[in-house]
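Q: Based on the hints, put chain B in the right spot on chain A.
2 protein chains.
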Amino acid sequence: MTSEARYDIVAIGNAIVDVIAQADDVFLEEEQLNKGAMTLIDADRAKQLYNDMGTAREVSGGSAANTLAGASTLGRQCALIAQVADDQLGEVFSHDIRATGIDFDVPPIGKQPPTGRCLILVTPDAQRTMNTFLGASQFLSPASVDTALIASGAILYLEGYLWDAAEPKAAMAQAIDIAHENGRKVAFTLSDGFCVERHRDDFIALIQDGKLDILFANEAEIKSLCETEDFEAAVEQTAKQIETLIVTRSEKGAIAVHQGESCAVDAEPVEKVIDTTGAGDLFAAGFLSGYIEQRPIPDCLTIGAIAAAEVISHYGARPEADLTALVKQRLG
Amino acid sequence: MTSEARYDIVAIGNAIVDVIAQADDVFLEEEQLNKGAMTLIDADRAKQLYNDMGTAREVSGGSAANTLAGASTLGRQCALIAQVADDQLGEVFSHDIRATGIDFDVPPIGKQPPTGRCLILVTPDAQRTMNTFLGASQFLSPASVDTALIASGAILYLEGYLWDAAEPKAAMAQAIDIAHENGRKVAFTLSDGFCVERHRDDFIALIQDGKLDILFANEAEIKSLCETEDFEAAVEQTAKQIETLIVTRSEKGAIAVHQGESCAVDAEPVEKVIDTTGAGDLFAAGFLSGYIEQRPIPDCLTIGAIAAAEVISHYGARPEADLTALVKQRLG
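Line by line, the protein sequences are chains A and B.
Heads up: the first sequence is residues 1 to 332, going by the working numbering.
Heads up: the second sequence is residues 1 to 332, going by the working numbering.
Keep in mind that the hints were calculated from the coordinates and are not lab data.
Here the structure is a predicted model, which is why all the values come from computation and not from measurement.
Treat the hints with caution; some may be incorrect.
Any copy, or any two copies together, can satisfy a pair, since identical chains are not distinguished.
DSSO-like, lysine-lysine: derived pairs with alpha carbons at most 27 Å apart [what the hints assert, rightly or not]:
| # | residue 1 | residue 2 |
| --- | --- | --- |
| 1 | K47 | K111 |
| 2 | K272 | K328 |
| 3 | K328 | K252 |
| 4 | K47 | K211 |
This is chain A alone, in the form it adopts within the complex (with noise of 0.2 Å):
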């Protein structure tokens, strides 16, 4: 039997602060930077590339933070599960993610190694290249998956990207369990087509194990899963094996098949985009708060692109403006 769920989303994610700074393609390719792409670095590399970028501001993110954050923005009440250290960049996750109305409650670790961070250059095209240093996150313990906390929301959300360390992917599996053992959902974001390639093997298996009920990726991503140049055939493939699949498409909007139904939307009109960090992140965030409120699956995908295109507009991954206000002028 599943009980009242006390949260709308609990989600486990990597506690990072981006430091975002512009940059052009010949400084990208003097650093032999991997453009539109997620990279992890080491520490070396971090305090090189750091030195060699320009004048950056640093706000919070994290892939999974970035969507509860917006999640939160939009009215659900959201518990984060994330590592960061005892350290200034730590507190500035911390507070970002407390000011924005989540719970989160996982002490800091030491001060080695530092909370984590992600170098972003974003580029006169506004696509953001990314190289992370993953620091304290790669130390998040099963045992700060809280039993009582997963069984308490309705939706556990997880990002890709944490799969890249031992630590936070058995918490993650064992949080999985703990949630269907509760009737809970499950959602999960591919987050990178270079994350999809490093664990495909456990990706595929995740999906047909049955572990997840609800799939984000971008086209890249899909195609990545699927090993195939054809969108349509990855979609269709996959579709069959999970209850909701999700797609981005950028400029291109977004595909949902839900229960074997398919529907699209288009992006929503932006002035101008100025740095296209975050935005799988928010129509995540935008969508599964649609999903929660019981809206159709079309509405849901619009408030995912409505999310999505307030983040682009500005520099950094987690939403400014107030998206209820936007979406209520949209859908009413």
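A: Showing chain B alone in chain A's frame:
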């Protein structure tokens, strides 16, 4: 005899990271904040206020540091003397200053007190209310004033804010003498009306003793300095005692009185004012940049107005656009 200057501007200022959040007037009232002013706060109050305020972005700040960032963007050679701690915010401040092309060689002090920060609340009217925890900044020592460095800068630039702590005050007094012994100009900003209230006698003594060649003020500051509500009288009285006086007047533009000759410029148009933090700092950057180039004083004012207009069109007190291009477009 004055040797050729290696630097255009050498500045002594607070090393501050700005922590910028949106807030409404109700929040300012609840927290009993002094709207539009800079208030010094201690560690406990900084913790409590940070806890209460919303999601923030972190951007390097510090008044003189902002001015140098602007001047550097305008092609000037600059060096900064300021004190950070050995912590992550200190790394952020140091990185951003150096990434702007400014020489900054003062080694961090220990971990405590931490690097200074300014909790800035930006209200919907774009007004900023600043709450500064000086931290390591108040321990900038006279020992950090490198005589050769001061001697090698055409202009020594000092912020009035630094007068709030004993050691930096002594450092500035020492630097002024070194600059003048080497035939350099000394520029000073009064920083803030309340800062002038705290140190009026000292500031008046600096002026009367001929320690300052160039003085920057806004309307509130110069009126506070002269303890009068009569703006014209305050300008007249002060201009008599200083070679170059510049007074910024927000949307009313700015005036200068240089060797007894007055001139004025209008404010540059701004599409939408977002955050007025740094307007005065960037005005000084633009003015001094033109001054170094030996442009006519009205053009120096115009460059100041262009730099100020850029910085108030976005969050944060450092320029984001190519100021040199903006000046070229406007003045050729």
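Q: Hint by hint, note whether the structure agrees.
A: Checked hints:
1. K47 / K111: both (17 Å within a copy, 19 Å between copies)
2. K272 / K328: both (22 Å within a copy, 25 Å between copies)
3. K328 / K252: This pair counts as within: shortest intra-copy Cα distance 23 Å, inter-copy 39 Å.
4. K47 / K211: neither (38 Å within a copy, 42 Å between copies)
Of the numbered hints listed earlier, the single one contradicted by the structure is hint 4.
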